[in-house]
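Undergrad: Given next are the chains, with one letter for each unit.
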Amino acid sequence: MGGKIKVKKKTTMSMRRRESLWGLLFISPFIIGFTVFLLGPMLFSLIGSFTNYNITSRMDFIGFRNYEQMFTADRLFWTSLYNTLYYVAFIVPLTAVGAILMAVLLNQKIKGIKAFRTIFYLPAVLSGVAVYILWMQLLSPSTGLINTVLSWFQIQGPAWLFDPDWTKPALVIMRLWSIGGTMLLYLATLQNVPGQLYESAELDGANAFQRFWHITLPMITPIVFFDVVTTTIGAFQIFQEAYVMTESGTGGPANSLLFYNLHMWNKAFVAFDMGYAMAMSWILFIIILILTIINLKLAPRWVHYEGGQR
Amino acid sequence: MKRSFKPALLSLLIGTGAVLSACGGQGGVAENSGAGVPDEAVEIEFWTFWGSEQRRPVIEEIIADFNNMQDEIHVRHVYQPWGDIWTKSLAAVAAGNPPDVVIQDINTVRQRADANQAMNLQEFIDQEEEEVQERFYPHLWEAVVHEEDAYALPFNTDTQVLFYNKDLYEEAGLDPNSPPSTWDELEEYAKALDERDGDHWETIGFYPLWNLGPDIWALNADNGNTWFDEDGNVTIHTPEKVEALEWVVEWQERIGRDTINRYEAEFGDGMADPFISGLVAMRGQNINYYSSLKDNAGELNFGVAPLPEKESGSGHYSWGGGFVAEIPYGAENPEASWEFINYLTDQAPQEYWGLNGFDVMANMEANEALAEHPDLSDEGRMVYDLAHMNLDVTVLAPVPLDAPDYHSLLNPNIDEIMLGKVSPEEGLSQAQEAVEDLVEQNQQ
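Chains as they are written, first to last, in our numbering: chain A, 1 to 310; chain B, 1001 to 1444.
Worth flagging that the hints you see were computed from the coordinates, not collected in a lab.
Check each hint, because a few of them may be wrong.
To give an idea of the interface, some chain A residues facing chain B are shown, with a C-beta separation under 10 Å as derived from the structure [stated by the list, open to error]:
#	residue
1	55
2	56
3	163
4	266
Each pair of labels, with its calculated beta carbon distance range [claimed, not checked]:
#	chain 1	residue 1	chain 2	residue 2	range
5	B	1277	A	137	18 to 28 Å
6	B	1332	A	34	28 to 38 Å
7	B	1200	A	230	19 to 29 Å
8	A	127	B	1064	21 to 31 Å
Source: prediction; values computed, not measured.
C-beta atoms are modelled at their ideal positions from N, C-alpha and C, and glycine is treated no differently.
With these hints in hand, go ahead and build the complete structure from the sequences.
TA: Okay, structure coming up:
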């Protein structure tokens, strides 16, 4: 009897082992990719941030000096941090509000709504350098479309990318142009809000604004939360816009577009001070981590999940 | 189940391998130059950013000549786009698998020499019978020497000069054969050439910051001293440089910031060349601008002169740059690479490049030969002649090792000066302090 049980147990074990082997096999592309292309470089940059690594000839341990320099001596660290925070502070709320409003408008049941949805989503399809060049033309102070339209209303538009006070707002406007992707997320969620909630609210005499405020908004808070977290992370990483739209990545007039990542890039590839750049990347990582944790902690106060807390 | 396991694993591995190798294969667009590779020849890979219709055939012709004249070395040209070439080559050096020769920026040679990114060429130079450095203009040679050893060979260079419209000179009653020689004369001429109707300008005589940077006026005023002196001391805040920027600001005030912005934006939009169209009567620019004039200016009657000097006798200092041929550190066949770059900077190929691309060469004799070349027009020969002379007063601004990224501290201050937010005195003094700080940080 005992023997028989043993045999049976053995097959389950090997069955389980085989299954876990298969499982490992299937996720191995990710595990290998993660270790080789993500975890490895991350650890390397953590170690590198405590050295004077310059990519080719030196890598001596210098303790916390990179970090110390960043906070005490490097003026551009603070400039770049300020520029980045400014951008994040505008982008995050504006994209959320803008995308929600647009989604609500595009959720109306009117004729041709699909065409509108396509039109407003279209900019999100375009991306990269082509869009920046297009916008550089739109923002041209005298001949650009934006200032031309403003001049119809007797408004003298600013010099946008040439005026340090207007460079960051110009990038914010450019970013808002392509919120179609976020809008799509909201639109999908809006269509999942159960219709009977609106019907009963209407019976109770709630007006359109009350219905939006007390039904729509709470119902889509999980997506708002997701949007806020991801946009924050993305906005902190702004680089391409500034690199392309300022002369060879110099940071624009009076360094007004010297964003954190651009400064980091200059340190790494212009000054070859890769150790310092690595230290900067860890500080950015920590800043984003802290903000994300705060977001997660605050979430239960305002994010409403159907069927209770998750 | 057990049976199918191995083939599945195998096919997965092969699949991953295929994907990876496909990714790896995307690098530079390689193209063979010249005839097929002779057996047993050493093949060397040569990276340039010369992919344009104008440049590519010329460099490939030079390479083909080299490949045909001997059968020990075969050079393969690899075009890398301008924006990628140097970061790619840096990554390749770091990975220990660099190309054999790369075209690099002359102003950063020392920086790469210091960081072991470029190979020390002194040993090869010493073995040559001829004095290699005699080929080149002294200021170019100086830029490739780090701690008494050379790390690159200069290939081409440039210099900033004054282009002026002779027809407009005549209309304004100026002598088309005596361009302005001092800053005062420049201003006087410009005012005579200005033609405006309210906000609308028919002709703007001159504006110092169109096509030239404030750096150039600063060093022109300051006896040819750049932002750093020979010992690496910061020389941003000097009385002469403050004066130079005050002078530039005066121009800006006279013409009006709005006018300047408006026209600048239009130039940026790719409007017809303002010098060719006659909107701008004089323009300081890189002498290579001649090649664009040659192709597009049609009947325009123009002259070229050295940049005016601050005051009589202070010197017509100008500013230049250029590119070098460099052997990256860790390249596999340095002897073969040396043979090739030695050839590349020799008179004949240099002359060929200049003749076909209109470029100021690093090889002195090549420029001298071009100044008398029968295949060039009178104008073309005149421009080479001027270039050759102007290189005597042309200064390079090699990146200082203690502050390679000083521009990011200096430029915002200059921007603020030009925006009228601070005076040149204040702006340059702040920049001086900031860059000194950076030098100090890097010396720690």
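Undergrad: Look at each hint and say if it fits the structure.
TA: Hints and how they fare:
| no. | hint | result |
| --- | --- | --- |
| 1 | 55 | 5 Å, holds |
| 2 | 56 | 5 Å, holds |
| 3 | 163 | 8 Å, holds |
| 4 | 266 | 5 Å, holds |
| 5 | 1277(B) <-> 137(A): 18 to 28 Å | 20 Å, holds |
| 6 | 1332(B) <-> 34(A): 28 to 38 Å | 34 Å, holds |
| 7 | 1200(B) <-> 230(A): 19 to 29 Å | 50 Å, violated |
| 8 | 127(A) <-> 1064(B): 21 to 31 Å | 41 Å, violated |
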